[in-house]
Amino acid sequence: MTRKLNMRIWRGNSTDGSLKDVQVEANEGEVVLDVIHRVQATQMGDLAVRWNCKAGKCGSCSMEINGKPRLACMTQVSSFDEEETITVTPLRAFPVIKDLVTDVSFNYKKAMEIPAYAHPADLAPGEARMEQVDVERSQEFRKCIECFLCQDTCHVIRDHEENKKSFAGPRFFIRIAELDMHPLDTLRNRKHTAQEEHGLGMCNITKCCTEVCPEHIRITDNAIIPLKERVVDVKYDPIRWLGSKIGKREGIL
Amino acid sequence: MSGVFSATRAKISEKTLRTDRWWLQPAITVAVLVSFIIYSTIRAFEAKFYFAEPLISPFYSPCLTAACPTNGSLLGQPLGTVAIFGMAISPALFILVFPLGFRMTCYYYRKAYYRSFWQSPPACAVAEPHKTYTGETKAPLILQNGHRWFFMAGLVFNVLLTIDAVLAFRNSEGQWGHMSVGSLVLLTNATLLWLYSASCHTCRHTIGGRLKHFSKHPLRYKLWTWVSVLNHKHPTFAWISLIGVALSDIYVRAVSSGSITNFYFF
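Protein sequences appear in the order of chains A and B. Going by my numbering, the residue at position 3 of the first sequence is 6; the numbering climbs one at a time, nothing skipped. Going by my numbering, the residue at position 234 of the second sequence is 448; the numbering climbs one at a time, nothing skipped.
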């Protein structure tokens, strides 16, 4: 069944732009990305939109649909009321390039600031052995498709541009948590750097990152809060700090 | 201009383009928390109608001053008589800081009141009104890192309130083997408080979350998996245990003031 869909699509660049009204046909089962492509093919030939897999796995078509950060390829048109106008804008936490395409290079710079996995020096490649129970926590975080919707919705940088230099964001907190929980990672100061260099203390755990994650990673409960507790172990808990110094406490490092 | 109105970002004049009722959840949170704060403040200063043998209000247990009834003072009356300008200080004021601190620093309540009271942010993808933001990096919010100390204090209170619930299985003459509506009220309250504490993120971390090698600690791993299941329900336990405390106090007050009679099943 085909229906007419009223849309508002943001058109512009870094200097100017506005929402443009458009009416487009939508077929049963289609997603928002489908109708954006139809608009591009029939009415706005120069509409810029980033996409790739159309299966919710590449993280390219991140945008804001009716004000919510979402993947356009995973948002069913049928999830909106028939008379509802669908408003589509680029991600509002990042610099806009053109139309629905933003410059997300901030995230790649932050990724480079996080030290990689540090393999034990006495373990040759191929000799590493890990129990499943030791790695399954981290495996949840490996589902991340780097759509950066969590980064976009995080008010620490969305509402405060000045915080970008000192705040890595939820996507990279799950990366740090993944490495800190890794049974073989030998880098010892991840907790300190998470707090002092990557801005973990800026997070006030309002869980928006978890709400928008298309992979349903429990970012706040399983990564950020455990990481905050690990930071407390080494920075704000004198008993555990003392215990670690005299070697009586296991598992902190 | 900062935030979503920064120079390089898409020029959109609205703070949010959300069309759903994003304001409803913070509004409900404010309504419930303000109601609880007003009620608990009144009750904390009221300093009467908190004990009706064998029931004691959770707002007043342990009752530590000389103003407390002797058989309602689980830990004795070590604080003696405490007065300012001749006015006795309510026994509740000496203890409520601990459960209050536990809830104030709770990871779930932080989300709730940062969103609803401080509007930081009011809802996801809704611009907050503040010009600057430092999160929990500076005083006083850096003290949120002390949640584990309040968690431990909360466990002590859970033990004491559980003892209160057990003691409530007596009649008003102190004889064992009786059960009243009040017994069930205090027992339910203690159970909800244990569920709230057991589902706490700090509990999850302490019991096993801090480990790097679960395989070397199978018992702690098993406990961690159980606490993780409860942890999913932490917001639910946070709300119903809060309401449970208030309802328990309302019941004890009603019995103590003579408004109702504590009905005994046997």
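Keep in mind that the hints were calculated from the coordinates and are not lab data. Just so you know, not all the hints are guaranteed correct.
Said to hold, decoys possible - Dumping the calculated DSSO-like pairs for lysine-lysine here, alpha-carbon to alpha-carbon at most 27 Å:
id: 1; chain 1: A; residue 1: K101; chain 2: B; residue 2: K225
id: 2; chain 1: B; residue 1: K345; chain 2: A; residue 2: K167
id: 3; chain 1: A; residue 1: K146; chain 2: B; residue 2: K262
id: 4; chain 1: A; residue 1: K112; chain 2: A; residue 2: K101
id: 5; chain 1: A; residue 1: K167; chain 2: B; residue 2: K447
id: 6; chain 1: B; residue 1: K345; chain 2: A; residue 2: K112
id: 7; chain 1: A; residue 1: K101; chain 2: B; residue 2: K229
id: 8; chain 1: B; residue 1: K430; chain 2: A; residue 2: K168
id: 9; chain 1: A; residue 1: K168; chain 2: B; residue 2: K436
id: 10; chain 1: B; residue 1: K345; chain 2: A; residue 2: K113
id: 11; chain 1: A; residue 1: K57; chain 2: A; residue 2: K146
id: 12; chain 1: A; residue 1: K113; chain 2: B; residue 2: K352
id: 13; chain 1: A; residue 1: K101; chain 2: A; residue 2: K168
id: 14; chain 1: A; residue 1: K167; chain 2: B; residue 2: K436
id: 15; chain 1: A; residue 1: K146; chain 2: A; residue 2: K167
id: 16; chain 1: A; residue 1: K238; chain 2: B; residue 2: K229
id: 17; chain 1: B; residue 1: K430; chain 2: A; residue 2: K146
id: 18; chain 1: A; residue 1: K238; chain 2: A; residue 2: K248
id: 19; chain 1: B; residue 1: K225; chain 2: A; residue 2: K248
id: 20; chain 1: B; residue 1: K430; chain 2: A; residue 2: K23
id: 21; chain 1: A; residue 1: K101; chain 2: A; residue 2: K57
id: 22; chain 1: B; residue 1: K325; chain 2: A; residue 2: K168
id: 23; chain 1: B; residue 1: K325; chain 2: B; residue 2: K430
id: 24; chain 1: A; residue 1: K101; chain 2: A; residue 2: K113
id: 25; chain 1: A; residue 1: K248; chain 2: A; residue 2: K168
id: 26; chain 1: B; residue 1: K430; chain 2: A; residue 2: K238
id: 27; chain 1: A; residue 1: K167; chain 2: B; residue 2: K430
**Prompt:** Keeping to a limit of 27 Å between CA atoms, is the pair of A/K167 and B/K436 held or broken?
**Reply:** violated, 39 Å
**Message:** Against the 27 Å threshold, does the CA-CA distance of B/K430 and A/K23 hold or violate the hint?
**Reply:** Violated, at about 60 Å.
**Prompt:** Taken at face value, is the distance from the CA of B/K436 to the CA of A/K168 at most 27 Å?
**Reply:** Given pair A/K168, B/K436 is violated - Cα atoms ~40 Å apart, limit 27 Å.
**Request:** Would you mind confirming whether the straight-line C-alpha gap from A/K167 to B/K447 stays at or under 27 Å?
**Result:** Judged against 27 Å, a Cα distance of about 33 Å means the pair is violated.
**Asked** Taking only the CA atoms, is the gap from A/K248 to A/K168 under or equal to 27 Å?
**Response** With Cα atoms ~33 Å apart, A/K248 and A/K168 exceed 27 Å; violated.
**Request:** Take a quick look at whether B/K325 and B/K430 sit within 27 Å of each other, Cα to Cα.
**Result:** With Cα atoms ~34 Å apart, B/K325 and B/K430 exceed 27 Å; violated.
**Request:** Compare the distance between the alpha carbons of A/K146 and A/K167 with 27 Å, and conclude whether the hinted pair is satisfied.
**Result:** holds, 24 Å
**Proposed proximity, B/K352 with A/K113 (alpha carbon, max 27 Å)** = holds, 23 Å
**Satisfaction of hint between A/K248 and A/K238, Cα-Cα up to 27 Å** = Distance of about 13 Å is within 27 Å: holds.
**Prompt:** Does A/K101 lie within 27 Å of A/K112 when you go C-alpha to C-alpha?
**Reply:** Since the Cα atoms of A/K112 and A/K101 sit roughly 21 Å apart, the hinted pair holds (cutoff 27 Å).
**Message:** Checking one constraint from the list: CA of A/K101 to CA of A/K57, max 27 Å. Satisfied?
**Reply:** Satisfied, since the Cα-Cα distance of roughly 20 Å is no more than 27 Å.
**Request:** Decide if the proposed pair is consistent with the structure: A/K101 and B/K229, CA atoms, cutoff 27 Å inclusive.
**Result:** Cα-Cα ~20 Å, so holds.
Going through the hint list in order, the structure does not satisfy hints 3, 5, 8, 9, 14, 16, 19, 20, 23, 25, 27.
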